[in-house]
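Protein chains: 2
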Amino acid sequence: MINRVEISSDRIRNSNSQNGVIQPLLTDLYQINMAYAYWKSGKHDDVAVFDLFFRKNPFQGEFTIFAGLQECLTFLQNFRYSESDIEYLRENMPPTVEPEYFEFLANLTTEEVTVYAVDEGKVVFPRVPLLVLEGPLIVIQLLETTLLTLVNYASLVATNAARYRMAAGRKMKLLEFGLRRAQGPDGGLSASKYAYLGGFDGTSNVLAGKLYNIPVKGTHAHSYISSFSSLDDLHIDTLKHKETGEELSLKEASLRWRSRLADTLNIIQSEASDGELAAFISFAIAFPCGFIALVDTYDVLKSGILNFCAVALGLHDLGYRALGLRIDSGDLAYLSCIARASFTTVAEEYELDWFASLQIIASNDINEDTIISLNEQGHKIDCFGIGTHLVTCQRQPALGCVFKLVEINGEAKIKLSQDMEKITCPGKKSVYRLYGEDGHALIDLMHRTSEEAPSVWEESPVPPSIPGGQESLCEPSQSGTPAQDVLAERGTAAASP
Amino acid sequence: MINRVEISSDRIRNSNSQNGVIQPLLTDLYQINMAYAYWKSGKHDDVAVFDLFFRKNPFQGEFTIFAGLQECLTFLQNFRYSESDIEYLRENMPPTVEPEYFEFLANLTTEEVTVYAVDEGKVVFPRVPLLVLEGPLIVIQLLETTLLTLVNYASLVATNAARYRMAAGRKMKLLEFGLRRAQGPDGGLSASKYAYLGGFDGTSNVLAGKLYNIPVKGTHAHSYISSFSSLDDLHIDTLKHKETGEELSLKEASLRWRSRLADTLNIIQSEASDGELAAFISFAIAFPCGFIALVDTYDVLKSGILNFCAVALGLHDLGYRALGLRIDSGDLAYLSCIARASFTTVAEEYELDWFASLQIIASNDINEDTIISLNEQGHKIDCFGIGTHLVTCQRQPALGCVFKLVEINGEAKIKLSQDMEKITCPGKKSVYRLYGEDGHALIDLMHRTSEEAPSVWEESPVPPSIPGGQESLCEPSQSGTPAQDVLAERGTAAASP
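Here the protein sequences come in this chain order: P and A. Under this note's numbering, the residue at position 167 of the first sequence is numbered 192, and the numbers go up by one with no gaps. Under this note's numbering, the residue at position 145 of the second sequence is numbered 170, and the numbers go up by one with no gaps.
One chain only, chain P, in its complex shape (with noise of 0.2 Å):
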C-alpha cells in the first residue's frame, strides 16, 4: 500500500500553485536548533527513516481518510531557504551558532530524501505510516513539522467530509459554505478543497474553484432580500422571453400568479413581503436560468414560500424554469415538508410536473448529528450546506499526526514512555491491504521492509481481527487499488500468529 512516491517536475508543473506561506520556515525553530545540533555533532552523513502516522481515528471513527499528499510533494519539490530566511535565522539563532550552518542550509534539498506514500484519498488506519521519509538525518528533521502541518488538517476535513456523506447517503447533494467560520483564510481553501475529496459536491469558495477546478455554487444572502423595502425599489421589473425574446414584465407575471397561488396554497397574501417579492423578481431577471431563493427572511410559511411560488411561476410563463429554494432558519425538516407539500400542490393545480421537484436547499449550522436527526424525522431536503462544523471540524478540530524517528543507519530505533500509547513502532516498514476474494479489504499488514513480501493466495500471517485492531476495514473512497496491494483468500486468512 505504501508506494515510494517520484517528485517529478513533471507531476509538480500538473499541480496546482501552493499557498506562499507553505516554505521551509513555517516550521518549529526546534527543527532548525536540532539540525544544528546534529550538524555540529557530525551527523551529516546519517541516514534516517521517519514515519509519519496517527494513533487514533478522529470523531471517535472508524476510519480516516488520508490527504495533503500532493500538498507535500510539492513541499519537498520547492524546498529552499531563502537569502532573507537565512538572515532571519543568522539574527535569531544564538551568536554562538558556527556560520558555515548557515551557508550549509542555504545550499540544502531534498535531492536525497526518498518519499513512500499512502495515495491520498486512500481510507487509513490508526499506527499504519500514511509517509515514510528515508533520507539525511539533517534534512528529514527540518521537513517534519511543515509535513504534519499539511497532513494533519486536509485528513481531517477529508475525513469529516466523508463521515457527513455517509449521514447524508449517496443522492444528497452536499455543498461546503464554511469560508467565513474557518480557521484562517487557507484554513477555509484546505476545507473546500479537502470536503471536495472526501466526497461533497461542491464549494461556495470561488478561490476554491479558480485554484482547483471545484463547482461552485451560491445563491444570495438574507441582505439582497432587506435591500429592497418594496415593489417600488424595483427599477427593472422586465425580462426577455426565453423562446421569442419579447420584453415581458416578471413583476406583473409574479405578482398575477401571487393571487392565484394565495388561494392554492391557503397563504394570507397581504402577510407576505413585497420587499421579498421585489427582491426574488430582481434576482430572477439577473438568474433567469438559476433561480435558487432564500425564503428565510421574513416567514418561510406566511411569506417566502409564496412569494418564491409566484416568481417561479412567473418565470415560467417567460420560458425558463426556476431550481429551487433556501432554508436557513428554523425546523428544516417540517419547513422542507411544507415546501414540498406547496410545490406539489403547485404542480398537480396547473399540471406542471416538474414543479413537484424544484430543489430544497437547507442551510444553518448543520452537523452530522442535525443530519442523522433530519433523517429520523423524516424531511424533503435535496441538498445540505454546510458550514462551520465541516470545517472546524467541531467535535475533534485536530487529527494528531506524528513524525517519528523509525531508524537510523538500518538500526531500528524507539520511542518509549510511560504513556503505552505513545511508545514508536520500530523500523522501517512495509505495508500491505490484503483483499478477501470478494474484493473487500480484510486487513493491513504491516512489516519490516527487510521481510519477505506476502503473495497472492498466501496465508496472512495475521488474523483478519486483531485484538485491538480495526474489526471493519472499508473500501478507498478514492483513487484505484494500488500496484502493491495484495489480493489474500478471505478463507485462510486466519493463519499462524
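No wet-lab data here; the hints were simulated from the structure. Just so we're clear, the structure is a prediction, and the values are computed from it rather than from any experiment. Worth double-checking, as some hints may not be accurate.
Since copy identity is lost for identical chains, a pair holds within one copy or between any two.
Calculated cross-link-like contacts (lysine-lysine; reagent style DSS-like; alpha-carbon spacing at most 27 Å) [stated by the list, open to error]:
| id | residue 1 | residue 2 |
| --- | --- | --- |
| 1 | K81 | K265 |
| 2 | K196 | K265 |
| 3 | K447 | K405 |
| 4 | K405 | K267 |
| 5 | K327 | K447 |
| 6 | K447 | K265 |
| 7 | K327 | K196 |
| 8 | K81 | K196 |
| 9 | K327 | K81 |
| 10 | K198 | K265 |
| 11 | K81 | K65 |
| 12 | K265 | K327 |
| 13 | K81 | K453 |
| 14 | K405 | K65 |
| 15 | K196 | K267 |
| 16 | K65 | K265 |
| 17 | K267 | K447 |
Chain P is fixed; fit chain A onto it per the hints.
This is chain A only, laid out in the frame that chain P set:
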C-alpha cells in the same frame, strides 16, 4: 469606541505583507451573484451600512478580544480583481450575465468605502459592531466573506490566548507550539500572530517570527534524543571554556558529575540512558548558552533529570549556565515538583544558587482546564508550551461573527427571524465605552449616529447592568483608551432608561 479608520497607504506600507490567498475571490460565490443582481437592477448608487458583530462570547465566556483589523484594512487597500479572476468569473457565471458586469468588476475598488472599527486588541462584547462599513452597496456586499474570515478566527484565537493567560497568571511564560496541529498552514500562522496579541510570550513558529516579529522559542524533540544510542555516538565531545577559551571535554565533565549526582539525588546511575546523556551533551555543545533539555524520552525520574543535571553542571565547569528542562508527558505537576526539588538539592549541595531557579517547561496537550487543575494540584512549572487546544480552540472552534445590512440610503434595515437571537439591530450606530471615575469600564453604549454623543460627567442613559446584558466589563488588554471613549461618573450611571 468605534473610530473612523483611514486606509492610508502609509499604514499599509508599515504593515506586514499579506498571505497571497487573501484576495477578492476568497469569498462565497453568492456575494458575486448578489452584486450582479444589484448591478442589474440599477442599485449602483445605493449607499449601505453593514455591521460586523458576533452574538455570543466564545467558550461560554464573558468577553472577546477583537483581532484581525489590520488584515482587513490591507485586504481593502489591495482589493482588485485580477485579469485571471475576471476570466474565471466570465467562464463560470451563467452565459446570461451581461459582459459589462465584468468590466464593472475589473474597475472596482474600495475607494468609496468608509470603515469604522474598534481598535485591534480591545475587549469587546456581543452585538456591538466591531467593524462598520459604509459605502456602495454592491462593493460592500463583495467584501463580506473575506472580512468575516479575517476577523472570526483572529478574534477567536486572541480570546482563547487571553483566557489561557488569565488561567496561568501574569508571571507564567506562555509559548504557542501549535503549528503542526493547526487548521491549515495559515491557520498555524494566524494562531501564532493572534495568540501573541492575546497575551502569549512567543511561538515556536519561525515564519511567524520572521513575518510578525514575534519572539521564537524552541529546544529539541524526542527524535533528537533517540538518534543517539550510546556515548559512542558522540563524535565531538569538547567545548571551549566560556572565559578561558580552553577546549575541554564536556563528556568527561558530565560523566564525572553524573557519578556524584547519582548519590546526591539518590538515583541509580546504571538505569540512566547513555544515549540520552550523549544527546544532551551534543545539544549543550551546540547551544552552550541556551541549553534546555527534553527529559522524558526514556524516564524523567530514573534518567532525564539525572542526565540533565549532569550536563548542566558539566557546562557550569566550562563557564556556562543551563537554562532548564522540558517535560512532555506524564504527571506534570508531580514531575515538576520532583525536578524543582532536585534543582534545590543540587543548589544547596554544591552552593550554586542559580541552579534552584532553572526553568521548568511543560507541554503535552495542555488546555485551559489542565492549567487550572495544575494550579490546584500545586506545581513548579515556569513555562507552558501550548499547541493543539490553543490553536484549534477545541472548546469552540469558530466564532460566529456575522455581517448584516443595517441601513440603506439612510433608511434603517432589520432582518427578522423566528429565532429571536437572529434579529438584527437596525440603523447606523455609534458606540461608546463609558468609564467610571476610577477608570474602570462600566458599559458599552450604542445609539443611532444621528443622536448626540454622550459627554463627560453626563448621566448615562442606561443603567450599568442591563437585563440580559454583560454583568462584568473587562479592561482592554492591549491598546490605549480610544479618543471617543467617554468618562462617565459611576455614581450617576444608573439613570434614565
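* Asked: Broken hints, numbered, in rising order?
  -> Numbers 1, 2, 4, 6, 7, 8, 9, 10, 11, 12, 14, 15, 17, in rising order.
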